[in-house]
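Make one complex out of these two single chains by using the hints.
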Amino acid sequence: VTWRRERWSADHSLPIGVTTRAQLGELVRAGDIVAAGATLAAALRVPGARRLGLSPSDFDRELRVRVGSDVVAGTVLARVGRRFARSVTAPIDGRLLHVTVDGDLYIAPIVDRWTVRATLDGVVSRSDDGLVEIEGEAWCFQGAAAYGPDAIGELTLGVDGPNADLAPTRIDVRLSGRIIVGGARMSAEVITRAHACGIAGLVAGGVPPAGLRVVYGDAVTASGSPSRDDRPTVLCLMGFGSASLPPEVYKPFAALAGARAAIHTASARLFVFSTADIGRPEPPAPDVAVSGEGPAAYAPVSRPEADADEVGGDQEEPAQSDEELSPSSNDPSPAER
Amino acid sequence: MTVSTGTHAPVEQIRTTLGRSLRVALVHGREEASRRAVAHLALASGTEVVTRVRATDPRSFVEAAQALRDAKPDVVVIQGGAKDQAALAELLEALRLGCGAQQPMPRIFGLVDTGVADALRLHADPFEFERFAAVSEMVEALRALRRAGNEDIVLRDALIEDGARALATTNGSTALAVDVTERSTSLVLARTDGRIEAAHLVPLGLGMGADHVVVRASLDNVRRWLPWPIDAPALLERMFNRTRPLVEDLATTEAAILLEMALAREAIAHALRDASDAGLDVAAMRSAPAILITGRVASLPKAGQSLLVLVDGLEPNAVSTVFREPDEGRAERIGMVVPVMPRRSAKIRIVRASGRSVARVDPGTFGLVEIGEDVDVAVNGAGIRGHGRSGDLGVLIDARGRPLSLPERDGERIPTVTRWHAALQAVGAEGSPT
Numbered sequence: 001v002t003w004r005r006e007r008w009s010a011d012h013s014l015p016i017g018v019t020t021r022a023q024l025g026e027l028v029r030a031g032d033i034v035a036a037g038a039t040l041a042a043a044l045r046v047p048g049a050r051r052l053g054l055s056p057s058d059f060d061r062e063l064r065v066r067v068g069s070d071v072v073a074g075t076v077l078a079r080v081g082r083r084f085a086r087s088v089t090a091p092i093d094g095r096l097l098h099v100t101v102d103g104d105l106y107i108a109p110i111v112d113r114w115t116v117r118a119t120l121d122g123v124v125s126r127s128d129d130g131l132v133e134i135e136g137e138a139w140c141f142q143g144a145a146a147y148g149p150d151a152i153g154e155l156t157l158g159v160d161g162p163n164a165d166l167a168p169t170r171i172d173v174r175l176s177g178r179i180i181v182g183g184a185r186m187s188a189e190v191i192t193r194a195h196a197c198g199i200a201g202l203v204a205g206g207v208p209p210a211g212l213r214v215v216y217g218d219a220v221t222a223s224g225s226p227s228r229d230d231r232p233t234v235l236c237l238m239g240f241g242s243a244s245l246p247p248e249v250y251k252p253f254a255a256l257a258g259a260r261a262a263i264h265t266a267s268a269r270l271f272v273f274s275t276a277d278i279g280r281p282e283p284p285a286p287d288v289a290v291s292g293e294g295p296a297a298y299a300p301v302s303r304p305e306a307d308a309d310e311v312g313g314d315q316e317e318p319a320q321s322d323e324e325l326s327p328s329s330n331d332p333s334p335a336e337r
Numbered sequence: 338m339t340v341s342t343g344t345h346a347p348v349e350q351i352r353t354t355l356g357r358s359l360r361v362a363l364v365h366g367r368e369e370a371s372r373r374a375v376a377h378l379a380l381a382s383g384t385e386v387v388t389r390v391r392a393t394d395p396r397s398f399v400e401a402a403q404a405l406r407d408a409k410p411d412v413v414v415i416q417g418g419a420k421d422q423a424a425l426a427e428l429l430e431a432l433r434l435g436c437g438a439q440q441p442m443p444r445i446f447g448l449v450d451t452g453v454a455d456a457l458r459l460h461a462d463p464f465e466f467e468r469f470a471a472v473s474e475m476v477e478a479l480r481a482l483r484r485a486g487n488e489d490i491v492l493r494d495a496l497i498e499d500g501a502r503a504l505a506t507t508n509g510s511t512a513l514a515v516d517v518t519e520r521s522t523s524l525v526l527a528r529t530d531g532r533i534e535a536a537h538l539v540p541l542g543l544g545m546g547a548d549h550v551v552v553r554a555s556l557d558n559v560r561r562w563l564p565w566p567i568d569a570p571a572l573l574e575r576m577f578n579r580t581r582p583l584v585e586d587l588a589t590t591e592a593a594i595l596l597e598m599a600l601a602r603e604a605i606a607h608a609l610r611d612a613s614d615a616g617l618d619v620a621a622m623r624s625a626p627a628i629l630i631t632g633r634v635a636s637l638p639k640a641g642q643s644l645l646v647l648v649d650g651l652e653p654n655a656v657s658t659v660f661r662e663p664d665e666g667r668a669e670r671i672g673m674v675v676p677v678m679p680r681r682s683a684k685i686r687i688v689r690a691s692g693r694s695v696a697r698v699d700p701g702t703f704g705l706v707e708i709g710e711d712v713d714v715a716v717n718g719a720g721i722r723g724h725g726r727s728g729d730l731g732v733l734i735d736a737r738g739r740p741l742s743l744p745e746r747d748g749e750r751i752p753t754v755t756r757w758h759a760a761l762q763a764v765g766a767e768g769s770p771t
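Just so you know, the protein sequences line up as chains A and B, in that order.
Just so it is clear: in the first sequence, position 206 is 206 by our numbering, and no numbers are missing.
When you read off a place in the second sequence, starting at 1, and then add 337, the result is the number in our numbering.
Chain B on its own, in the form it takes in the complex (with noise of 0.2 angstroms):
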């Protein structure tokens, strides 16, 4: 990646990477708040979550002791009150029986009281134990983790956080990024007073994380978005392909960019469950009014594809203006999403400085609005009202309601997502791929 600092500065050549691969185990108390705080602490952090035990697990002392050997943690996440302590001290002695001949040993990171953490230290021997009083401080230690010591890497995630900031700040409104790679899907929500909401999944992507995209949506799921019949076999093991090594290149024939925009959709879909799930803010992400596609969609061949991986995955439900970065290139905006949710034929209203227009759209309306490139827009009607700036695109009105739902038949399905790909001009018109 490449850093300018002004016209006649040097450039700064820095490595990013998604730096080590952490395994943690995630051990929490019985209240909803301590799960949702250590999942949070997981996503916040970019590791791999290779175990979950919570107080009350119905697994024995035994079963438990074995689960945290299999998962062979680097760090295990303690998080709970003072009712859990009892449960808490017993799942660390099953973790000295599963973990105790462990090279490296696991370490043990506790989010709790100090009281607690007094308590549990006993308990941890011959682990070590480090208590932490707030959940960005923890962040932090696993991120240094994942960068091995290594100080001159600079970790994705944080970059992707950076860009959300910044297009925050310029924006002066809150903003997402979103960013899928090989490996990792991120959405990083950021706000004017700098505060971030992060959620940075591994191993789910379009490479080396396809697998498990398929593995979590299911193999229907991500067969759904695609434009052509494809029998589950065969589409599986294009998945299972996709880990290898040899396919790490961007992806070239139309059928590759269209599995690779599947997979996306469903990649974005799972990071917002899980981001829901850990008590992230999913409504303020789908209502940003400024959004950054980065990673491997930001590089798909044309700007349409990006902006189509983003509504369906994402399913934004207000005003939106759209850029898009790749890893090797500028930023762009590409478009302007205008979502409605009409229950009968509406109008909105389309403002710019050269004038005015109405479009009228029904239920299930998709498609652009060509409005001329990179002008301000405001729009009003039909239960919306925003204003953004068109990119190359227009603006895209998207009436498809939420949440999106495809029809279940191939035959209805097929010619419905071809038509969603056409209106952005996903797909090139020598026809289907085979």
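Bound conformation, chain A alone (with noise of 0.2 angstroms):
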């Protein structure tokens, strides 16, 4: 349990209707939008090639439109014939979402749209329809449990020493968009009013179970629970509870506050994007190297430029926050949809 920078991988998985996502090998930074879609509703089965009198096979090649795409109500998305033309249309607004292995066709209607965005500075490393992966370099803190979204913001100290527990009236609207490092133990009270004041995200050293059900179900346990709805992101680092960082835990998060940060709840990870030397890092466990699960699987990419960098202590500028946040090259807005 200690920090470490070195090449790390993160993975985004992607609901179901991907309008547009990164593409592979392109270079993206923390909040860059890495794909977009729609949210869809119950979906209408509509008969395609038994209507086209058509083999299934066949029937992809009179596709006039591709699957994926928004139709309107009366689009023409399969036709053959030229006198005596047959066709099949859109019943409904929506999505042509997918063609069966018997040619016929999903559309669903369109009830609202998703974004996800990046947790690391790096490269696409895999792009498709459930998944994007970036693989970048950072520092990073190996956490026990988190819950909640993704959360991309400034690294923040919220608490003036690692045995301190973070108090509520501490958090505010002004810290809004900002990953708060907390201490020793974070109350359900501090969560919540986290997230009504528009905190990206909570870490602490422990934070009590009883809290977390409090906030996200009875349900919840202790290997975390990652969602994509709108609920709070919280990383404990410990533990469950109250748990004091020791101080080559604590002492990295004084030296990189301000840095802009990332909290990936699917791997419990902390990643802060900062070139400040916060002491030397831990040489990677034996492990590492032939683990998937983990960093990405080779070893730690040897940095002797970054290590010169460090000496400066350069940080980046602070992340960009929910209004500023722009996509990624390659992909235009949902409203530009």
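Please note that the accuracy of each hint is not assured.
To be verified - Chain A is faced by these chain B residues, among others (derived, beta-carbon under 8 angstroms):
(1) Asp462
(2) Thr507
(3) Ala569
Said to hold, decoys possible - Far from chain B, some chain A residues (derived; all Cβ distances over 12 angstroms):
(4) Arg7
(5) Glu26
(6) Leu54
(7) Asp58
(8) Leu175
(9) Gly198
By construction, these hints were calculated from the structure, which means they are not laboratory data.
Virtual Cβ for every residue (Gly too), placed ideally from N, Cα, C.
And the structure:
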């Protein structure tokens, strides 16, 4: 349990209904939109190949609309024949979601839009309809468990020492969009207040499980509960209850305060994007190089040039706030679509 | 684990493990038998069920696809009849939409007729579809996946099944093996002809699976077994911190031991519930004449603690001889359980080679009868008849009734639970932990 600066990978699972996503090899920064799509309601099944009198294997050739496209009611989806034409049209406004093996079509109405943001500065190493994976270098602390959606913001110390508890009174709207580092313990009151004040995420040595149950429900477990919905983001660094942070864990927080950071809840990791020198990083564990779950499945990259940079202690600019978010170069905003 | 092959033969070291955690999605037909069949498969193979979808699932196509995507299954198990074919085909389309991009792709294991399999195989593209004719074949295939191609390792559940079989053969009667570890809980019923019924629940245990016990059983149901008052948040904190790697070692303090005992009782009770739900013969499990306790529960410091966990969690309803075998130790016979359910005071005749005695049993009685170590005993009276062998502890008369109920109020519950612990010398003399 320590800070390590090396090359990491972060998976970003995508919901169904992807419209655009970052492409393989694309450079992204934490907070960039790496995928956007539509939230879909109950889909309608529309006869396709049977209606046109085609075999399912031939039906794909006659599709006039790409699967995944938005359509309006009456749009011709597939058509055969010239003089005595037969066609399949969209019965509703929505998205052409899926073509079955039988050649039928699923069209689902769009009820909302979603976006997924990067939690790591780096390069897109995998991109498909289910997942965008990013690899990049950052300071990282592997926590015990994380709850809620991914969070990106400026790392801010909320306590005066590693043994202190974060008081609710220290949370206000001026801290909106930031990731607040609490001390040994963080209560449910702090979590709910922080969420109400627009705090991006909370990090603490321990969080009482009773408080987690209040916020996330009785089904919450010690393995965390990553989600996409509008809930607070909490990262437990050491365990549950109260866990004062050892100096080797707390001091780097002080050194990294003000830097951009991200909480990747699926892996319970805190990434901090800074070249600040927070002391000699721990050598990676022997299993790092073979673990697919941990850091990227290769040995950490040695970075003499980065080490040289660290002497200066430069920090990158703070993260963008919600209002200032700009999509990645290939992704038009939902409004533009 | 050490397997001895005789006094002069070399000792063979084998590696026992729970194997790779295998995430399984269960997709089944509308019939209750179909639901039970897939539940039985999941229990028998020791896999982790990540989602269940019925052919008549009320969720929309998109919701079903999203649920399957979020579940990230390694294997999708499908069972259903010809009537369910269309609905199952639609669920496979939802799987194609939800998991088409997953890497590695989920495999589909079908326990269906050949005709249904041929029809479903078309809808399964691009996933690999394998049909199995029998449950045992699919269980073996799922276990092979858990071994991840390493034939050198022995899965813990297979070892527990072997143990149950061996006990059934040795005793010449039905035998039950109860295994509770950090992450898993197993119940294996073995019959004398070699047939077994097994339920291996993952994750449900005393360490990494402790939080799942709390989620399933509720905190109050775990707390009720503790012989001292503790507030819910403090108990929850202890439960959640048990999942951390730091607490993998065996419990040493009395508080930790009693906490493990409380968790183990609920883990066993929930394993029984799942076994019953999957159509396994729970009545035979409760009436097995020979019971073997293994895993963490068998490693508790006192034999009385292991026995108390067993009778509280399993609630046996027939005369049983109980053994325990710690992971790093030899099997030992620890006692004989005589459950009786008298409506009023009754007498039980206890017969052994050295003579006979009569025990007076009142409703609610719970305690050991000192009978001498490891002797053959026959009992009859008060609606119970059977024979077994007393172990180190003797004969345990359990007249608390079935199902076992505990007082609601702490003021009544704590003295009751304390009395039960004291009856089996499961707590120290220094008093209750705080």
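Of the numbered hints stated previously, which ones are contradicted by the structure, given in increasing order? Per hint list: single violation, 2.
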